[in-house]
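Residue numbers (the numbering used here), protein chains in the order written: chain A, 347 to 1136; chain B, 26 to 373.
One or more hints might be untrue.
What the hints assert, rightly or not - Under the rule of at most 30 Å between Cα atoms (straight-line distance), these lysine-lysine pairs were calculated in the DSS-like manner:
1) B:111 to B:31
2) B:125 to A:776
3) A:579 to A:732
4) B:116 to B:79
5) A:717 to A:771
6) A:959 to B:125
7) A:826 to B:293
8) A:826 to B:31
9) B:125 to B:69
10) A:444 to B:303
11) B:263 to A:826
12) A:549 to A:355
13) A:537 to A:352
14) B:303 to A:451
15) A:1094 to A:1042
16) B:83 to A:826
17) A:826 to B:297
18) B:297 to A:1031
19) B:303 to A:467
20) A:452 to A:352
21) B:293 to A:907
22) A:952 to B:370
Said to hold, decoys possible - A short list of chain A residues far from chain B (calculated; beta carbon distances all over 12 Å):
23) 377
24) 467
25) 776
26) 780
27) 798
28) 809
29) 813
30) 820
31) 832
32) 946
33) 951
34) 1042
35) 1113
If you're looking for bench data, these hints aren't it; they were derived computationally from the structure.
Computed from a predicted structure; not experimentally measured.
A virtual CB, placed ideally from N, CA and C, is assigned to each residue, including glycine.
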Amino acid sequence: MILSRKFVKDYIDLDDNLSINEIAEAMTSVGNEYDEARPLINCTNLITGEVIECENHPDSDHLNVCKVNVGNEVLNIVCGAPNVRMGLKVIVALPGAKLPGGEIKKGVIRGVESNGMLCSKAELGLDNKFLEEKDKAGIHELPLDTKVGIDPIKVMQLDDEIIDFELTSNRGDLLSILGLAYELGAIYNKKVKDIDLKYNENKENIKDMFNISIKTPDCSLFLAKKAINVTIKESPDFIKNRLIASGIRPINNVVDISNYVMLETGQPLHFYDADRLGDTLVVRQALENEKLTTLDNIERNLSVDDIVIANNSCAVGLAGVMGGLSTEVENDTKNIIIESAIFDNIKVRKTSKKILRSEASNRFEKGLDPKRTYMAIERSCALLEKYADATIVGGMLEYNESKVENKKIKLTIDKINRVLGIDLKIDEVKSIYEALGFDVKITDNELEVLVPSRRLDISIPEDLIEEAGRMYGMDNIIGKLPNLSVINGYYDKTKRSIRNKMISLGLSETMSYTLIPNKEVHKFTNDNFTEINLSDPMSEDRKTLRYSLLYSLKEIYLYNKSHNQNNICIFEMGKGFYKENGEYKEDNKLAALMTGDYYESIKNTKVDFYHIKGVLEELMNYLGYENRYRLVVNDNLPKELHPYQSAVIELQGKEVGIIGKVHPNVLKDDVYVLEINLDKVLANKGTRMAYKEIAKFPSVSKDIAFVVNKEITADSLIQAIKKVGGKLLNEIKIFDIYEGDKIGENEKSIAFNLIFKDSNRTLNEEEVMDVFNKISAEIPNKFNCRLRDK
Amino acid sequence: MKELEKILENAKNEISACEKSADLANVKAKYLGKKSELQELLSKMKDMTVEEKKTIGKEINEVKQSINALVENKNKEIEDKILNEKLESEKIDITLPSKKLRRGSKHPMSRMVEEFEDIFVSMGYTVYEGLEIESDENCFQKLNLPIGHPARDAQDTFYLENEIDRFLLRSQTSTAQVRAMEENKEKGPIRIVCPGKVYRRDEDATHSHQFMQIEGLVIDENISMADLKGTLELFCKKILGEKTKVRFRPSYFPFTEPSVEVDVTCFKCGGKGCNLCKQTGWIEVLGAGMVHPNVLEMSGYDSKKYQGFAFGTGIDRFAMFKYGIPDIRTIYGNDIRFIEQFDRKDED
């Protein structure tokens, strides 16, 4: 909503010494923010002048060299406008003038001195939509009787100031000059002046010639009056200028009056050409696929959710949004039907969201005061009589089911102070409410406030507490800390521990988007879930909620690689979404991706499967799951992983994630990923950290190597060795793997270091050798393999 | 005895001439070995008187010890020299680059969330995360935003497929308030902060369709706007610096009444006015207010007994301000050259 200072002055006496910025700041401090506050024409150093000589520029076929009398001097100015000529009264921007397009400087144009500029309306910063063809083509021509040497903005009556407010959605009442006047009145303690509603009526009665019929509950109030014998012409300057200041394009006096009254009262009106309309207005739901061509000459396709105004044959207006083209007021219009109504705000909002946002719909959506509906129709009659020579037909057609009234709200001064945390006296609150235009009665500690119907936003005591707070000044409240019991705050330590652990392992944390393309959602998964899509996505790329985080990490990898970053170790913690048994589920997941050099400046330490496996182990052990998880190769592996370098991660026998190399069909480089479902992992209690006695007795270390078939896994050997080794075999580690010339083509050698230990005594060589020999003997039998070099 | 002096003199010269351990061993054998001159002198002693034996024996022994000491000193000297040569041969260029361990960095948004959490946890708040898929009821209706409410426009919402007006990606963390109140079986005091991802149909340099908010909620019997202001003053000072001032401006949110917008003194210019704050000296960072009685009642709270405050803010904005990130899309761009800048310890 744009406030025009000249416009609001009709209704409130604002001190001329207040700057427009001061007014804007005062409004902000009571909750009405603004975007900008400025003179309507934001220019300096303009003066009226007369072109006393005008000759062709010697060196140009379109420029003219003018001598311009500006009162106290005559300036030489080069001007390119086609309409410049001797005798014109013009707007002169003197050297140093600041215009929206820049500063005017003395200069030389093709060898001729030029000391200023003759201005068009466009150069004054008026929006294109307010300009006529002649304004666009040339300089502005002031009336020939204009004095030279005075302020041309005053001559044009554009010496207004504006504030462009960004109002909150509860304050529909402020979408009117009157509403703004009440608000300013409360701030500056001024009374709002009455609006002029006086006009004459002829002896006829509209009821004898016109009908209204309301066939939908979505219209609570509908008023119609008739004006005849209107003269369509240009509006007087003050109406045009106020519309321009308010951002609305003047059209003709009748259309301008409907807009002018909407700006004044907040009530949108609609004028129909009565002769084109016929004798009836019906308010009803639109038919499915009903067509209506609106004022902007666009055919709209309607549905039963929309409300239309119709005559006997078809829809002639889209209620609350825009009128129809067929009954538009045109230059030959003689008689008009005036409509002032209230339509359901939610319905209007839905329709306007679908079809078109307009000045009208914006006001209907926020709710209207029925008193203003009456006020507006009468105001429009007054203005039509005055500025369009209209005769107003007697009587008014009226349908009123509106339940909005003045509200009586009771509250205590204690409650006000308890909520705001301040110490207002009851009389102070009373005068705040009275300044807002509310009637107040006091009984002991209680205030009974009568809130006028224009304040649709106020319905409960808390709303009134807010009024007291904002007029007192929310910022005048002195902050204190709440008097609350001391309690322990809590946060999810595990989540942070996991994040810190991953970072300490050299991975950087990413944060990517939840929404991904639908065609990617099943990648890196075993397909065994139902994905969730958006109803109306911004784009196909942001259509589906991700199930796996690995698509995102892959994209991050590709992005960085395209920026020449080849060493990438990243992880992300986030949610994976899916639908199960009709319910929406979101699981916490952790995913990691590693590729390139693991150490920054050491070559040949490319990340391989065992690096990312190491990361997994470090994390799982840190969380207390040592020896409780394992990697399993099964059919559940996503096809985006290398079939022979990937595994399912099992914890306590249950699948909790995947790990492996990305399939070369997906990424050509050696990229390794893992993903675990943190909810599934953390459902298992981690083994507690507790002190274990450090061995007092020495251990015995023995090495042994087996040459086995390549298909045999290290883990199966370890399990078998452990079994044979029994209690005395305390620890078993792999320290070397060999494949090559010295052994068979299908063979590999795995060397183990075995640690024998008993926490209660020193072992003797014989008993260790007994076990060791047993291992040396039994393992080759079991795996059909042999001891190496023995 | 002149002969002994001579031997000692010769030994001294030969020992000091030695350069290698092997030479020294030969010299040692020559003067102290079985065929040495000293040994010879000792063997001659059998013809001497007891007195002579005593004197000469003592002198020979002294010479022996002297030579031994000389050998040992020389030996040490040679060993030191060898070690020093070895060390010298191991000389490195200490200016060569280090063997860098890969360093991970915490995402700036996580750092910011943790910072927020730590401040509030220290004041007795519990971190409550809520869900990202929410019902329209929890996200809007129970926050006093019925279907069709104009304030819903500010948050153009992503509804799930076939779930318009039913299920959505939460557009505000305020929804976690509702969940926390619903879950509180005693309908008693609450003190929580709810950080998390939120989603809105919006995308430009300062808006991302996905971003992060944190919501705070305190419910008790005597909570006022003054408590809200004190709490936010403390919080803003902690997170933006001790000199930060807080300003309340009245505003409107359907779920709080009264409602305020909260400005802080511009972190860039400290309040003098600059480009960032559009010359006002203030930057809007939070929305807050007293929980609307309808919101309390809809979640089963007695609004006669309990009142409370709630506040919410975009974490991304704080991260952008705190770290000077001009474009929100950088935050979610995940360029590792960006993320790896955030590997310092927190400032105290």
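Structure-based check of all given hints:
1. B:111 to B:31: violated (37 Å)
2. B:125 to A:776: violated (72 Å)
3. A:579 to A:732: Holds. Residue 579 of chain A to residue 732 of chain A sits at ~13 Å (cutoff 30 Å).
4. B:116 to B:79: violated (56 Å)
5. A:717 to A:771: Distance of about 33 Å is beyond 30 Å: violated.
6. A:959 to B:125: holds (21 Å)
7. A:826 to B:293: holds (27 Å)
8. A:826 to B:31: violated (100 Å)
9. B:125 to B:69: violated (73 Å)
10. A:444 to B:303: holds (21 Å)
11. B:263 to A:826: Roughly 16 Å between the alpha carbons, so the hint for residue 263 of chain B and residue 826 of chain A holds.
12. A:549 to A:355: Not satisfied, since the Cα-Cα distance of roughly 36 Å exceeds 30 Å.
13. A:537 to A:352: With a Cα-Cα distance of about 17 Å, the restraint between residue 537 of chain A and residue 352 of chain A holds, given a limit of 30 Å.
14. B:303 to A:451: It holds: about 28 Å lies between the C-alpha atoms, which stays within 30 Å.
15. A:1094 to A:1042: violated (37 Å)
16. B:83 to A:826: The hint is violated at about 97 Å.
17. A:826 to B:297: Within the cut-off at roughly 26 Å; holds.
18. B:297 to A:1031: violated (55 Å)
19. B:303 to A:467: Roughly 29 Å between the alpha carbons, so the hint for residue 303 of chain B and residue 467 of chain A holds.
20. A:452 to A:352: Violated: residue 452 of chain A and residue 352 of chain A sit about 35 Å apart, past 30 Å.
21. B:293 to A:907: violated (35 Å)
22. A:952 to B:370: holds (29 Å)
23. 377: At roughly 3 Å from the nearest Cβ of chain B, residue 377 of chain A sits no farther out than 12 Å, so the non-interface label is violated.
24. 467: Residue 467 of chain A clear of chain B: closest Cβ-Cβ about 29 Å, beyond 12 Å.
25. 776: holds (18 Å)
26. 780: holds (19 Å)
27. 798: Its Cβ never comes within 12 Å of chain B, the nearest being 19 Å, so this holds.
28. 809: violated (6 Å)
29. 813: violated (9 Å)
30. 820: Violated: least Cβ distance 4 Å, not greater than 12 Å.
31. 832: violated (6 Å)
32. 946: Violated, because the least Cβ-Cβ distance between residue 946 of chain A and chain B comes to about 4 Å, which does not exceed 12 Å.
33. 951: It is violated; residue 951 of chain A is separated from chain B by about 10 Å at its closest Cβ, not greater than 12 Å.
34. 1042: Given a closest Cβ separation of 35 Å, the condition holds.
35. 1113: The claim stands: residue 1113 of chain A keeps its Cβ more than 12 Å from every Cβ of chain B (closest is about 43 Å).
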